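Peer 1: Listed below, chain by chain, are the residues.
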Amino acid sequence: MTVGSAVRASQPPSTPAPPAPVQKAEARARATNRKRRLPLLPALVFVIVVTQLPFVATLVISFMEWNALYPDRRGFAGFANYVEVFSDARLRSSVFTTVLLTATVVVVSLVLGLGLALLLDRPFRGRALVRTMLIAPFLVVPVAAALLWKHALLNPSYGLVNGTLNWVWGLFGSNDPPQVVWLTQFPLLSVEASLIWQWTPFMMLILLAGLQSRPLDVVEAARMDGATSWQIFRFITFPHLRRYLELGGLLGSIYVVQNFDAVFTLTSGALGTANVPYSIYQTFFNARDYGLASATGVVAVVGTIVIATFALRVVSSLFQEENR
Amino acid sequence: MSTSISVPTSRDPGDAGVAPAPRTLRKRRSPSTERRNPLVGLGAWVVGLFFASPVLWMVLTSFHSETDAATNPPSVAAGLTLDGYRTFFGATSGANPWPPLINSLTASLVSTALVILLALPAAYALSIKPVRKWTDVLFFLLSTKMLPIVAGLLPLYLFALNTGSLDQIWVLIVLYTSMNLPIAVWMMRSFLAEVPVEMLEAAALDGAGLVTTLRRVVAPVAMPGIAATALICFIFSWNELLLAQTLTGVVAGTAPVFLTSFVTSQGLFLAQVCAAATVISLPVLAAGFAAQDKLVQGLSLGAVK
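Sequence lines, in order, name chains A and B. At position 56 of the first sequence (counting the first as 1) the number is 56 in the working numbering, and the numbers step up by one without a gap. At position 305 of the second sequence (counting the first as 1) the number is 305 in the working numbering, and the numbers step up by one without a gap.
Simulated from the structure, these hints should not be mistaken for laboratory data. Model, not experiment: these values are computed from the prediction. Just so it is clear, CB atoms sit at the ideal spot from N, CA and C, and this is done for glycine as well. Treat each hint with caution, since some may be false.
[Claimed, not checked] Covered stretches of chain A (chain B as the covering partner; in silico rule of three or more C-beta atoms under 8 Å from a C-beta of chain B):
#, stretch
1, 71 to 77
2, 144 to 158
3, 204 to 215
4, 293 to 302
5, 308 to 317
[To be verified] Here are some chain B residues pointing at chain A (derived, C-beta under 7 Å):
#, residue
6, 48
7, 70
8, 129
9, 150
10, 219
11, 220
12, 224
13, 241
Using the sequences and the hints, build the whole thing.
Peer 2: See the structure below:
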């Protein structure tokens, strides 16, 4: 149950043969472990079968020439699909879009979330209600949120955004307000805005929890010593929040990298908004090129492993800290 | 100055495990140590309303008539009507949203029940009576969550196609269970780890068996956490689109799949879209607000309390 046991568990087993009583104790420990493992097995087997086997199949199909529209030409393709992944301009641009989309959404949500968390960390009337209002965007079904943005907010003729611009300009007696066709003129920005709106509350929640776990005595002592609010933020709060920023950023990246709903609903991947998940979906569902879709999937998995390694390291360090 | 309780949480990142602070003392600090500033409250309210405004607008528009919904500048104070909801529930269009709603409910509830059933014993084996290398198991489970689902989509589709299980709800149930299981194990492990070791030892000394320990010691401490885990798994299943869109069609389509029929504009239909989005988001909003206190701990996989 302690961190010590975790560390011990990760060490290689000792090599020299132990004396008889130790052997007996070890046999007992092994028996205990076998008994303890039982409740774990169903979940573990289930996860391995349902999540790992499909990836093995994807890996196999990625080396095949297989297009459902030409069923008689199925066979081994070697690395041909991979060559196509890296030479296809559409797929390359989808990688670029994914990186841009993920980075923008995560960074902007983190900055906004930090601002909101700092605000909500202060006492004021109705704080619980404001917190609830701020969580609401995260709790709208993603497809519903995307539809809301597409039709109710960004529609060029009667969306709320253009409507508000029209109303504000009208207040100043102008009848020539800017009316932007958001999804055509700024397609990627529109997708990003809707995702930032949904992910800022997530970041705020994590950072607020971080703020509220700040060591109170240290802040108090700093204030006694005459530190300014900025100094307290810069030298106490921010270093303490760093891990929470990392955690929020990495968990956010894992979800936003995989985003399908917003791209599918808002722009259907048009005008340079197709990210990798959407492109794979298109290759598989519309072009029916199973080999190419699988190869793209494998490349996406390899790319994700890079992020995941960092993510696991951050979660692991927080985990070690929290576990006694 | 208010009563400031000294909370021993000042642990350096490096000394984890060296001087472990008692977890029971990790309490929220009292906010009253800072002076109240009326501007902070005002600013927070303005920002809060700004962020909530699209949701409020969605709900308001869902109660407007189609002609009032499609005006520029927007008619905020237009009369309210239930027409949007009537249209959504098929009064005029004939499209019936009940089958997809029931499909979503079935897939989410059954998969959540399965998740809890599988995750609870697993979490027990990773916290209260831990197996050797239990951290390795946890991190393996987490790593499965990071692989993009879309990369396994094709084999899942081909499997469903060849076994005749395309467009059947149980396929989604199985997949949603596997999708949420790693998260649930992580969350529940962190909730079970909150059961004090002293209480478990005391129960063992008093001769309590496994069932009694679980019922009388573990359950009271971990129950709110288990409930929050279930609510979050329900939300993730209810929201899922990619798998449902690929693996279901006519019969087993879920609510998000039903929503995609509104992707292309169909004349004056804004009130109807907003009614649809509101109805389908309602269960998630309810579940999320119910789990509010444990939402952070759940979403951060128990890393943040």
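Peer 1: Now, for every hint given, state plainly whether the structure supports it.
Peer 2: Right, here's what the structure says about each hint:
{"no.": "1", "hint": "71 to 77", "in the structure": "violated (count 0)"}
{"no.": "2", "hint": "144 to 158", "in the structure": "holds (count 12)"}
{"no.": "3", "hint": "204 to 215", "in the structure": "holds (count 9)"}
{"no.": "4", "hint": "293 to 302", "in the structure": "holds (count 6)"}
{"no.": "5", "hint": "308 to 317", "in the structure": "holds (count 6)"}
{"no.": "6", "hint": "48", "in the structure": "holds, 4 Å"}
{"no.": "7", "hint": "70", "in the structure": "holds, 4 Å"}
{"no.": "8", "hint": "129", "in the structure": "holds, 5 Å"}
{"no.": "9", "hint": "150", "in the structure": "holds, 4 Å"}
{"no.": "10", "hint": "219", "in the structure": "violated, 16 Å"}
{"no.": "11", "hint": "220", "in the structure": "violated, 20 Å"}
{"no.": "12", "hint": "224", "in the structure": "violated, 16 Å"}
{"no.": "13", "hint": "241", "in the structure": "holds, 5 Å"}
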